[in-house]
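**Q** Residue numbers (the numbering used here), protein chains in the order written: chain W, 1 to 250; chain U, 251 to 358.
Hints are supplied without guarantee of correctness; some may be wrong.
Calculated cross-link-like contacts (lysine-lysine; reagent style DSS-like; alpha-carbon spacing at most 30 Å) [said to hold, decoys possible]:
#, chain 1, residue 1, chain 2, residue 2
1, W, Lys174, W, Lys146
2, W, Lys87, W, Lys127
3, W, Lys57, W, Lys70
4, W, Lys48, W, Lys127
5, W, Lys87, U, Lys343
6, W, Lys57, W, Lys77
7, W, Lys123, U, Lys301
8, W, Lys70, W, Lys146
9, W, Lys114, W, Lys77
10, W, Lys146, W, Lys46
11, W, Lys114, W, Lys104
12, W, Lys230, U, Lys283
13, U, Lys301, W, Lys119
14, W, Lys77, W, Lys127
15, W, Lys77, W, Lys123
16, W, Lys230, U, Lys301
17, U, Lys283, W, Lys127
18, U, Lys343, W, Lys230
19, W, Lys87, W, Lys123
20, W, Lys53, W, Lys77
21, W, Lys201, W, Lys146
Hints listed in this document are in silico derivations from the structure and should not be mistaken for laboratory results.
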Amino acid sequence: MLLLRMHYGVILLAEVATMAIEKSSFTITPLLSKMRCWLTGLFELKVKCIKNKNAPKNATDPDELFIHSKVTTDHLKWVPMGNQARKYGPQDIRPVHNDILIAKLRPGQELDLKMHTVKGIGKDHAKFSPVATASYRLLPEITITKPCEEELADKLAECFSEGVIRVEKNNGVKRAVVANSRRDTCSREIFRHDDLKNRVKLSRIRDHFIFSVESTGALSSDVLVCESIKVLLGKCRHFLSELDSHCVDT
Amino acid sequence: MPTGSQEDETCATFVLHEEDHTLGNSLRYIIMKNPDVIFCGYSIPHPSENKINLRIQTNGTPAVDVLRRGLSELTAMCEHMLATFETAVEEHKEAQQNGDIDMSSAED
Chain W
1 MLLLRMHYGV ILLAEVATMA IEKSSFTITP LLSKMRCWLT GLFELKVKCI
51 KNKNAPKNAT DPDELFIHSK VTTDHLKWVP MGNQARKYGP QDIRPVHNDI
101 LIAKLRPGQE LDLKMHTVKG IGKDHAKFSP VATASYRLLP EITITKPCEE
151 ELADKLAECF SEGVIRVEKN NGVKRAVVAN SRRDTCSREI FRHDDLKNRV
201 KLSRIRDHFI FSVESTGALS SDVLVCESIK VLLGKCRHFL SELDSHCVDT
Chain U
251 MPTGSQEDET CATFVLHEED HTLGNSLRYI IMKNPDVIFC GYSIPHPSEN
301 KINLRIQTNG TPAVDVLRRG LSELTAMCEH MLATFETAVE EHKEAQQNGD
351 IDMSSAED
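Kindly produce the complete structure, drawing on both the sequences and the hints.
**A** Here it is as structure tokens:
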């Protein structure tokens, strides 16, 4: 199980598919039928910046002076192709956020774009990567080998992140116990103190993995983990069927 | 996926195209758990070529069978993880709705 899991991080970064803009063109050209096969989404962006005639005389803020001075993802309009209009609604195909700034315009300037989005994987280009970061670590294990009491207990608790060590009072004696080793950041501060370093053992639980997955927003992080497992599953199934067909041949 | 098969079917090198350490290392790990296997290793012959060489040597079972077993064990492992994860997520979401989850104990 160990090695296996570390690869999910890589799969997440490199092989779970999302949509991203692949080509944008300024001129509207009829699409070649050859291109249609890999096109999966089309967006239009038509924005013209004009002066705001109703703006107050003493206004200096560009947002008040001009209309459409900021082009954001909200201006993107999805153009359904083929039977897409029946299959998807505008909520299915859209930018992750509606307030991402694309450009700033001034009167006289305008944008007229057609954008083709395709589904791809992060291995091909980082823009397709569905995660911002994906990493894993092993669960830290802290064992107090010799009891730490009174001032030592407080000093021990100071060495770790908050909540890792709890100081309990039993029969008037303060004593340190491990409360939650998961909150430890593995700073190894303990080894700087000669009076403490031989009282504690720091280790990791070899088969307990903590994954941290931060999505870019297209898919939620729990879906991403499932998808990455499915990618590995797909690889296995592909080679199994490949093996079977190969044996029939020979 | 051609196999470098010779007369001895207990030894073989498999070339897996379009694959890298992701499958190579996990597969090697699983196959090494098989007690019939004497040697299993993989290499990427050239970093700009998208393929891996997987070498398997066994005690007598055909190498193809070992590879097949390794792949199906990896599949089973993935299926188990997927099922476990999905139920865990579901349980977590339910508990969250009921409001009895204390996230202070786990930051990540």
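**Q** Does each hint fit the structure? Answer for all of them.
**A** Here is what the structure says about each hint:
1. Lys174(W) <-> Lys146(W): holds (14 Å)
2. Lys87(W) <-> Lys127(W): holds (25 Å)
3. Lys57(W) <-> Lys70(W): Answer holds: Lys57(W) to Lys70(W) is near 21 Å, not above 30 Å.
4. Lys48(W) <-> Lys127(W): It holds: about 27 Å lies between the C-alpha atoms, which stays within 30 Å.
5. Lys87(W) <-> Lys343(U): Given pair Lys87(W), Lys343(U) holds - Cα atoms ~29 Å apart, limit 30 Å.
6. Lys57(W) <-> Lys77(W): Roughly 34 Å between the alpha carbons, so the hint for Lys57(W) and Lys77(W) is violated.
7. Lys123(W) <-> Lys301(U): holds (15 Å)
8. Lys70(W) <-> Lys146(W): Roughly 64 Å between the alpha carbons, so the hint for Lys70(W) and Lys146(W) is violated.
9. Lys114(W) <-> Lys77(W): holds (10 Å)
10. Lys146(W) <-> Lys46(W): violated (71 Å)
11. Lys114(W) <-> Lys104(W): holds (18 Å)
12. Lys230(W) <-> Lys283(U): Roughly 23 Å separates the two Cα atoms, so the pair holds.
13. Lys301(U) <-> Lys119(W): holds (23 Å)
14. Lys77(W) <-> Lys127(W): The hint holds at about 20 Å.
15. Lys77(W) <-> Lys123(W): Holds, at about 28 Å.
16. Lys230(W) <-> Lys301(U): holds (21 Å)
17. Lys283(U) <-> Lys127(W): Violated. Lys283(U) to Lys127(W) sits at ~38 Å, over the 30 Å cutoff.
18. Lys343(U) <-> Lys230(W): Within the cut-off at roughly 21 Å; holds.
19. Lys87(W) <-> Lys123(W): Holds, at about 28 Å.
20. Lys53(W) <-> Lys77(W): Since the Cα atoms of Lys53(W) and Lys77(W) sit roughly 26 Å apart, the hinted pair holds (cutoff 30 Å).
21. Lys201(W) <-> Lys146(W): Given that 30 Å is the threshold and the Cα spacing comes to 10 Å, the pair holds.
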